[in-house]
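Colleague: For reference, the chains in residue letters:
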Amino acid sequence: MRKRVGMEVSLACSEAARLSRVDVVSAYPITPQTHIVERLAEMVAKGQLDAEFLCVESEHSAMSACLGSSAVGARVFTATAGQGLELMHEVLYVASASRLPIVMIVANRALSAPLNVWGDHSDVMAVRDTGWIQYFAENGQEAFDLVPCAFKIAENRNVLLPVMVHMDGFHLTHVVESLYLMSQEEVDSYLPPYEPLHSLNPDKPVTMGAFAAPFIYTEAKKAQQEAVRDSKQYILQAWKEFGALTGREYTPLKSYMMDDAEEVFFVIGSFSEMASVAVDKMRERGEKVGLLSLKLWRPFPTEELKEALRGKQLVAVLDRSLSPGTESPLFTEVRSSIYDMREKTRVIGFIGGLGGRELSPDDFEQMMERARTLSHNGFVGQAEMIGVRD
Amino acid sequence: MQQYSVFVPRLLPKEEFLAPGYRSCPGCGETLIVRMVTKALGRNVIVTNATGCLEIVTSPLPTTSWRVPWIHTLFENTAAVASGIESGLKILKRKGKLGDKKIKVVAFAGDGATADIGLQALSGAMERGHDFMYVCFDNEAYMNTGVQRSSSTPYGASTTTSPVGRGVGQITWKKNMPAIAVAHNIPYVATASPSYPFDLMQKAQKALNVNGPAYLHVLSPCPPGWGTPADISVKLGRLAVENGVFPLFEVVDGKYKLTVETGPLRPIKPYIKAQGRFRHLNDESINLIQERVKKEYDVLLNKIKCGA
Chain W
1 MRKRVGMEVS
11 LACSEAARLS
21 RVDVVSAYPI
31 TPQTHIVERL
41 AEMVAKGQLD
51 AEFLCVESEH
61 SAMSACLGSS
71 AVGARVFTAT
81 AGQGLELMHE
91 VLYVASASRL
101 PIVMIVANRA
111 LSAPLNVWGD
121 HSDVMAVRDT
131 GWIQYFAENG
141 QEAFDLVPCA
151 FKIAENRNVL
161 LPVMVHMDGF
171 HLTHVVESLY
181 LMSQEEVDSY
191 LPPYEPLHSL
201 NPDKPVTMGA
211 FAAPFIYTEA
221 KKAQQEAVRD
231 SKQYILQAWK
241 EFGALTGREY
251 TPLKSYMMDD
261 AEEVFFVIGS
271 FSEMASVAVD
281 KMRERGEKVG
291 LLSLKLWRPF
301 PTEELKEALR
311 GKQLVAVLDR
321 SLSPGTESPL
331 FTEVRSSIYD
341 MREKTRVIGF
351 IGGLGGRELS
361 PDDFEQMMER
371 ARTLSHNGFV
381 GQAEMIGVRD
Chain Z
1 MQQYSVFVPR
11 LLPKEEFLAP
21 GYRSCPGCGE
31 TLIVRMVTKA
41 LGRNVIVTNA
51 TGCLEIVTSP
61 LPTTSWRVPW
71 IHTLFENTAA
81 VASGIESGLK
91 ILKRKGKLGD
101 KKIKVVAFAG
111 DGATADIGLQ
121 ALSGAMERGH
131 DFMYVCFDNE
141 AYMNTGVQRS
151 SSTPYGASTT
161 TSPVGRGVGQ
171 ITWKKNMPAI
181 AVAHNIPYVA
191 TASPSYPFDL
201 MQKAQKALNV
211 NGPAYLHVLS
221 PCPPGWGTPA
231 DISVKLGRLA
241 VENGVFPLFE
251 VVDGKYKLTV
261 ETGPLRPIKP
271 YIKAQGRFRH
281 LNDESINLIQ
291 ERVKKEYDVL
301 LNKIKCGA
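Top line first, the protein sequences correspond to chains W and Z. Residue 1 is where the first sequence starts when you use the numbering used here, and the numbers rise one by one after that. Residue 1 is where the second sequence starts when you use the numbering used here, and the numbers rise one by one after that.
Just so you know, the hints here were simulated from the structure itself, not pulled from any lab data. Predicted, not measured: the structure shown is a model, and the values here were computed from it. Virtual Cβ for every residue (Gly too), placed ideally from N, Cα, C. Just to be clear, a hint being listed does not mean it is correct.
[Unchecked claim] Per label pair, the in silico range of CB-to-CB distance:
{"id": "1", "chain 1": "Z", "residue 1": "R67", "chain 2": "W", "residue 2": "F215", "range": "45 to 55 Å"}
{"id": "2", "chain 1": "Z", "residue 1": "K101", "chain 2": "W", "residue 2": "T246", "range": "35 to 45 Å"}
{"id": "3", "chain 1": "W", "residue 1": "S323", "chain 2": "Z", "residue 2": "K273", "range": "31 to 41 Å"}
{"id": "4", "chain 1": "W", "residue 1": "E90", "chain 2": "Z", "residue 2": "T172", "range": "51 to 61 Å"}
{"id": "5", "chain 1": "Z", "residue 1": "K95", "chain 2": "W", "residue 2": "N156", "range": "13 to 23 Å"}
{"id": "6", "chain 1": "W", "residue 1": "S323", "chain 2": "Z", "residue 2": "Q120", "range": "53 to 63 Å"}
{"id": "7", "chain 1": "W", "residue 1": "K306", "chain 2": "Z", "residue 2": "E16", "range": "38 to 48 Å"}
{"id": "8", "chain 1": "W", "residue 1": "P324", "chain 2": "Z", "residue 2": "E284", "range": "26 to 36 Å"}
[Stated by the list, open to error] In silico lysine-lysine, DSS-like type, Cα no more than 30 Å apart, as pairs:
{"id": "9", "chain 1": "W", "residue 1": "K46", "chain 2": "Z", "residue 2": "K102"}
{"id": "10", "chain 1": "W", "residue 1": "K204", "chain 2": "Z", "residue 2": "K93"}
{"id": "11", "chain 1": "W", "residue 1": "K204", "chain 2": "Z", "residue 2": "K101"}
{"id": "12", "chain 1": "Z", "residue 1": "K95", "chain 2": "W", "residue 2": "K46"}
{"id": "13", "chain 1": "Z", "residue 1": "K269", "chain 2": "Z", "residue 2": "K206"}
{"id": "14", "chain 1": "Z", "residue 1": "K39", "chain 2": "Z", "residue 2": "K235"}
{"id": "15", "chain 1": "W", "residue 1": "K46", "chain 2": "Z", "residue 2": "K235"}
{"id": "16", "chain 1": "W", "residue 1": "K204", "chain 2": "Z", "residue 2": "K95"}
{"id": "17", "chain 1": "Z", "residue 1": "K90", "chain 2": "W", "residue 2": "K204"}
{"id": "18", "chain 1": "Z", "residue 1": "K273", "chain 2": "Z", "residue 2": "K255"}
{"id": "19", "chain 1": "W", "residue 1": "K204", "chain 2": "Z", "residue 2": "K303"}
{"id": "20", "chain 1": "Z", "residue 1": "K39", "chain 2": "W", "residue 2": "K46"}
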């Protein structure tokens with residue numbers, strides 16, 4: 001029987017990177033991801049991890065150095081959050097289009113201004129279209145598990161794409177959780193050494209990052225689009241293998257009390273555990289409520305979502321970010337995904353939990369209450385902000 | 001160290017690492033520099049290239065001119081990419097995945113990518129002490145985007161963003177990038193010019209063999225940007241050395257040394273008058289520049305004399 005240990009989730013993530021035998025860690029400090037790279041620096045300094053730790057001068061350079069290391073065939077890891085993710089924004093596109101299997105943890109954080117270091121998904125949504133495979137951890141165990149999975153997926157020769165593991169800043173990064181760690185043997189049996197398909201090597205010179213004129217740019221982008229779409233089967237395969245090894249299998253959507261549910265909460269990240277408490281309470285009152293927690297954000301699991309929402313009356317979608325001037329990203333995505341289903345499920349959008357604002361189970365109950373009212377009134381308006389003072 | 005200058009030029013390496021067919025303008029200084037530098041370095045290098053003319057003229061998909069491993073990613077991050085490559089090579093060697101061959105990381109970037117937008121990344125990489133060499137092609141403006149001023153554009157040059165109007169064009173003095181590199185206490189800094197090929201190639205070899213960061217700042221005449229005919233690029237490069245506008249020196253472990261002695265400085269006027277970008281300058285402006293060149297040259301000589 002495996003033993004549970006109590007550990008800060010950030011440190012568990014560092015442990016996961018160590019067990020994944022990363023070659024290069026290139027990072028820059030930013031709250032709330034700092035503990036992850038601090039611990040990795042310590043591991044390298046103490047000789048517990050044979051890797052190069054690059055303490056660079058910005059996140060832009062952190063990701064740029066990742067490009068270089070990955071291009072010569074090293075296994076590369078980094079972590080960032082909020083503003084840091086924004087500063088590396090343009091580099092992210094290069095990583096994915098260059099098909100470099102870099103793995104990055106993002107400790108989700110709000111974006112300035114006003115300055116706010118707490119949990120929020122504004123940073124996630126800003127990098128939605130960068131071509132990275134992206135998924136969410138909702139607790140410490142998932143954050144730990146999803147790191148070796150990320151390397152397994154990224155380095156699959158049918159995939160060769162970078163992977164972002166999202167975890168909510170503070171709500172996950174800074175809490176101590178009881179979790180199962182894996183042994184080095186277990187991780188090794190799951191994650192073979194990285195054998196790059198192409199790398200920069202004088203023995204076999206290759207050109208990477210050539211420029212594309214209009215006559216060929218679209219073709220290059222189409223290839224990338226297909227690579228990301230097709231990656232889903234390999235993501236599922238990697239998760240399945242992980243499940244066989246550890247008993248913890250991940251799926252694009254995590255369902256809770258969904259079988260007979262008529263009304264559904266749809267959340268991403270750490271709020272799913274809060275929402276599940278609300279579901280339990282509402283179930284006690286006989287309300288047929290269920291919960292969907294999105295794990296896989298890119299590629300978006302449209303088919304799975306349609307299947308999960310088939311025949312449901314309404315789905316209340318909680319966004320932790322804004323798209324000022326229009327609807328929020330998750331809401332738009334859900335509504336567009338199920339738009340062409342014959343049987344309509346009403347999608348009601350909410351915005352909450354911005355910049356670390358707490359939402360309690362009561363808040364979720366009220367959210368569903370409000371969703372019912374709006375649905376009853378034939379909701380056509382904008383997503384509503386919850387827990388906000390006028 | 002090979003003393004190229006004691007050999008006749010035909011004994012230089014015949015092998016070209018930049019395949020013919022690249023699309024640079026006639027008289028381009030940059031591609032001349034790249035050919036010479038890569039010849040001097042040989043094939044055990046990995047090149048990382050900033051966005052700019054060089055990347056555009058050598059890598060239109062699906063073709064490439066590069067016979068050495070080469071990567072282009074972005075404009076301002078070349079030194080950071082070089083850091084990553086060097087660290088990657090280091091660990092892969094340590095883990096026995098790459099053999100023992102010494103592979104040098106070489107960064108190529110223009111003056112905008114170096115002195116402006118990429119300065120932070122370069123400073124970081126030099127400060128961290130990565131074993132890499134950085135070659136800045138200084139054509140003194142953003143030529144790839146159509147001749148806009150950079151912080152390396154000389155006083156009085158007309159560019160599309162320092163137009164003449166009622167003034168003199170560029171009103172600031174050229175940023176001293178070599179001095180900035182020296183301030184990082186790196187083992188090797190040098191200026192060079194494709195008009196002095198042996199000097200350039202020797203410096204490239206020195207940079208190759210240094211353990212730690214090396215910085216080469218190379219003047220790169222640019223006919224369309226400078227408003228000059230294509231057949232005088234090499235001559236302009238010589239004039240710039242002979243008149244003190246771009247003296248050739250190296251700084252080994254902080255010690256300055258002139259590598260090309262030219263005797264008394266020639267006046268800058270013929271150099272200025274040969275270029276369309278300075279066409280508008282009157283004698284007063286030219287004198288101002290002349291004084292400045294003299295002053296900066298004296299500062300340099302003083303550094304050499306003091307053994308600084």
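Colleague: Which hints, by number, does the structure contradict?
Modeller: 1, 3, 4, 6, 7, 8, 13, 15, 18, 19 and 20
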